[in-house]
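Just so you know, the protein sequences line up as chains A and B, in that order.
One point on numbering: in our numbering, the residue at position 54 of the first sequence is 54, and numbering is uninterrupted.
One point on numbering: in our numbering, the residue at position 167 of the second sequence is 167, and numbering is uninterrupted.
Do not take every clue at face value.
Said to hold, decoys possible - Computed Cβ-Cβ distance ranges for the label pairs, DEER-style:
| # | chain 1 | residue 1 | chain 2 | residue 2 | range |
| --- | --- | --- | --- | --- | --- |
| 1 | B | D57 | A | G137 | 49 to 59 Å |
| 2 | A | P56 | B | V210 | 49 to 59 Å |
| 3 | A | D45 | B | K147 | 34 to 44 Å |
| 4 | B | E181 | A | K70 | 41 to 51 Å |
Rather than coming from a laboratory, the hints here were simulated on the basis of the structure.
None of these values were measured; they are calculated from a predicted model.
The beta carbon of each residue, even a glycine, is placed where N, CA and C say it ideally should be.
Chain by chain, the residues run as shown.
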Amino acid sequence: MYKVNTAEEAVRRIPDGAVLMIGGFVGIGTPQDLVDELVRQGKKDLTLIANDTARPNVGVGKLIDAGLVKKAIVSHIGTNPVTQKQMIGGAIEVELVPQGTLAERVRAGGSGLGGVLTPTGVGTDAAIGKETIEINGIPYLLETALKADFALIKARSADYSGNLRYSLTSRNFNPLMAMAAEIVIAEPDEIVPVGCIEPDAVVTPHVLVDLLIAKGATL
Amino acid sequence: MNEKEIIARRVAQELKSGTLVNLGIGLPTMVASYLPAGLDVSFQSENGIIGMSALPDPGLAGSNLTDAGGTPAGALPGACAFDSAMSFALVRGGHLDVTVLGGLQVDEEGHLANWMVPGKIVPGMGGAMDLVSGAKRVIVAMTHTAKGEPKILRKCTLPLTSVRRVDLVVTEMAVIQPTEEGLVLLETAPGVTVDQVVAASEAKLLMPKVPGVMGIAA
Numbered sequence: 001m002y003k004v005n006t007a008e009e010a011v012r013r014i015p016d017g018a019v020l021m022i023g024g025f026v027g028i029g030t031p032q033d034l035v036d037e038l039v040r041q042g043k044k045d046l047t048l049i050a051n052d053t054a055r056p057n058v059g060v061g062k063l064i065d066a067g068l069v070k071k072a073i074v075s076h077i078g079t080n081p082v083t084q085k086q087m088i089g090g091a092i093e094v095e096l097v098p099q100g101t102l103a104e105r106v107r108a109g110g111s112g113l114g115g116v117l118t119p120t121g122v123g124t125d126a127a128i129g130k131e132t133i134e135i136n137g138i139p140y141l142l143e144t145a146l147k148a149d150f151a152l153i154k155a156r157s158a159d160y161s162g163n164l165r166y167s168l169t170s171r172n173f174n175p176l177m178a179m180a181a182e183i184v185i186a187e188p189d190e191i192v193p194v195g196c197i198e199p200d201a202v203v204t205p206h207v208l209v210d211l212l213i214a215k216g217a218t219l
Numbered sequence: 001m002n003e004k005e006i007i008a009r010r011v012a013q014e015l016k017s018g019t020l021v022n023l024g025i026g027l028p029t030m031v032a033s034y035l036p037a038g039l040d041v042s043f044q045s046e047n048g049i050i051g052m053s054a055l056p057d058p059g060l061a062g063s064n065l066t067d068a069g070g071t072p073a074g075a076l077p078g079a080c081a082f083d084s085a086m087s088f089a090l091v092r093g094g095h096l097d098v099t100v101l102g103g104l105q106v107d108e109e110g111h112l113a114n115w116m117v118p119g120k121i122v123p124g125m126g127g128a129m130d131l132v133s134g135a136k137r138v139i140v141a142m143t144h145t146a147k148g149e150p151k152i153l154r155k156c157t158l159p160l161t162s163v164r165r166v167d168l169v170v171t172e173m174a175v176i177q178p179t180e181e182g183l184v185l186l187e188t189a190p191g192v193t194v195d196q197v198v199a200a201s202e203a204k205l206l207m208p209k210v211p212g213v214m215g216i217a218a
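Next up, chain A with everything else stripped away, as it sits in the complex (with noise of 0.2 Å):
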């Protein structure tokens, strides 16, 4: 199957209002072409699944400054405050997840799980509505498994397969987020032949990604 496409192709697959995984860490990691897509075509309400919103201008902050995302599920929204102005005003709603738990529920979400239990949270704000369930003796969190409609994932290489390898911190949610949505899309810095990235630093197995994007491609 040939999966190699245009941002400008693949974007135009994601209805407005879909749910969306984006890697990234503060914009490291991030599939720029793809956002900065989304925002060329002007996708809106958006439910965003990242571990933070970025900066204004940067990564998935993009989308919240062109007030595309209608709901955010981050870690961490300290580095915009255009997310925090929005959240105030009541344009955007923000469902702030500790970093590991949510780590955890995109994985859940791609492994077939329900969910996970956690300790982290317990007796706090982030426990609101929560179920609590002990497990000899140690309280813990039930932490629900997260899913998406599509996943935008940036690596450092893929092969023509789709196999993906990825880079230092620019790795961070991108494998979780390439197991945990219908259609994955990524965005590799290359795209090299088949056999050229060994079995062993294959991080994502091709059968995961849908379509990748080529730089600068015209179909």
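Starting from the structure of chain A, add chain B where the hints point.
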């Protein structure tokens, strides 16, 4: 020496060779600059690396490696990178020896509040709740007061980061150890009296022994 440097220097003395340490953004990051010579500590950054170093020489910084604040960083030989699930498995799973975090308030039960001020700033908890719940040892590095108001309180008024009791609080005035009985004043900074520390704290400070003097030499 400014107050942040005093705090960072004192916290640095708490770190031991062979341990895995996570430093929070801001003041805690400064701790890495004041490690005693020869100390071999591994630093984790929660965005997915152990073995982060200072920024490499100009031209060698890449766009794929930053600290948890998004600032470009370097990596030492032997560094290892991983995803966010692994990063927080290290934090919660009993693999992280020490976390050093900033604080807005600490109270007599040793509870820390450091992630939001309702109606004012709501940055979100990021990794703080996981770090405080999961690290083997939690050190709070913060100024003793904010605009003259005490931050060491009888009871936190801000939302808590965790109900876990933190292990040590280091300020520019004092070193305080939360215990089951309450907050024990262990040390005062050079030139700071016990009375000054007590006056700058709302919480009751216990002194089972005469407080020592904070060591802040590099």
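Item to complete: Kindly indicate which numbered hints from before are broken by the structure, ordering the numbers from low to high.
Response: none
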